[in-house]
Amino acid sequence: AQTVTQSQPEMSVQEAETVTLSCTYDTSESDYYLFWYKQPPSRQMILVIRQEAYKQQNATENRFSVNFQKAAKSFSLKISDSQLGDAAMYFCAYRRMWGSQGNLIFGKGTKLSVKP
Amino acid sequence: DTGVSQDPRHKITKRGQNVTFRCDPISEHNRLYWYRQTLGQGPEFLTYFQNEAQLEKSRLLSDRFSAERPKGSFSTLEIQRTEQGDSAMYLCASSLEGLGVEQFFGPGTRLTVL
Chain A
1 AQTVTQSQPE MSVQEAETVT LSCTYDTSES DYYLFWYKQP PSRQMILVIR QEAYKQQNAT
61 ENRFSVNFQK AAKSFSLKIS DSQLGDAAMY FCAYRRMWGS QGNLIFGKGT KLSVKP
Chain B
1001 DTGVSQDPRH KITKRGQNVT FRCDPISEHN RLYWYRQTLG QGPEFLTYFQ NEAQLEKSRL
1061 LSDRFSAERP KGSFSTLEIQ RTEQGDSAMY LCASSLEGLG VEQFFGPGTR LTVL
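Protein chains in written order, with this note's numbering: chain A, 1 to 116; chain B, 1001 to 1114.
Chain A on its own, in the form it takes in the complex:
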């Protein structure tokens, strides 16, 4: 069974600084998707960034980028130029690429605080 581990329950960053959130996962499959979702307080979860396992190039979305290390099964999220609006719970998630099962498997999340 696949598992996702986020070892940092809480992180804090100064506004305009850079922070990296860690995620490791376990799977025996070679093709899959990895995601980072953001869940602001009392608001719905939104997708931040996604990575296909077959792509060697790390995904980037504006201030958000990932460091995908397939062999190490590591998938960290870097947030540059942190803004107050980045404060939220961040969840790392895994999804199989093939087969009918399309559900996401989430880690426990990292609560990010941004200090002004």
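I should point out that these hints are in silico values taken from the structure, not numbers from a laboratory.
Warning: the hint list may mix true and false statements.
Stated by the list, open to error - Partner residues aside, some chain A positions facing chain B, computed with beta carbon under 8 Å:
id, residue
1, Q44
2, F91
3, L104
4, F106
5, G107
6, G109
What the hints assert, rightly or not - Here are a few chain A residues that sit away from chain B, every Cβ distance over 12 Å (derived from the structure):
id, residue
7, E15
8, K73
9, S74
Where is the CB? At the ideal position from N, CA and C, for every residue including glycine.
Got chain A; can you put chain B on it based on the hints?
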């Protein structure tokens, strides 16, 4: 269409009562997922539908839980004989399988069982 909606947003019930939640996915999304999120945890998969067919159910979905998606549109999740352990946020997500893998989440229904 502005996104996935869920109703109600909050539900307080007494132990032993039945509750039903509704999810309206994004129009034309053929997949619909239900997740449960307890405090301090990430969402856990409960079940999903491809159109009107319920294709998979998690072991978390006891026989007190039932879900439907008539006509492949909205979905309902019913919990019978609620227990205090059922207190959680119930999240619904939808996706258009085949054109992308992103799941769009609703705001959730927070259930409190007294």
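Going through the hints against the structure:
1. Q44: Holds. Min distance 5 Å.
2. F91: holds (5 Å)
3. L104: Holds - the Cβ of L104 of chain A comes within 8 Å of chain B, reaching about 6 Å at its closest.
4. F106: With Cβ-Cβ at 3 Å, under 8 Å, it holds.
5. G107: holds (5 Å)
6. G109: holds (5 Å)
7. E15: holds (26 Å)
8. K73: For K73 of chain A, whose nearest Cβ neighbour in chain B is about 17 Å away, the distance exceeds 12 Å, so it holds.
9. S74: holds (18 Å)
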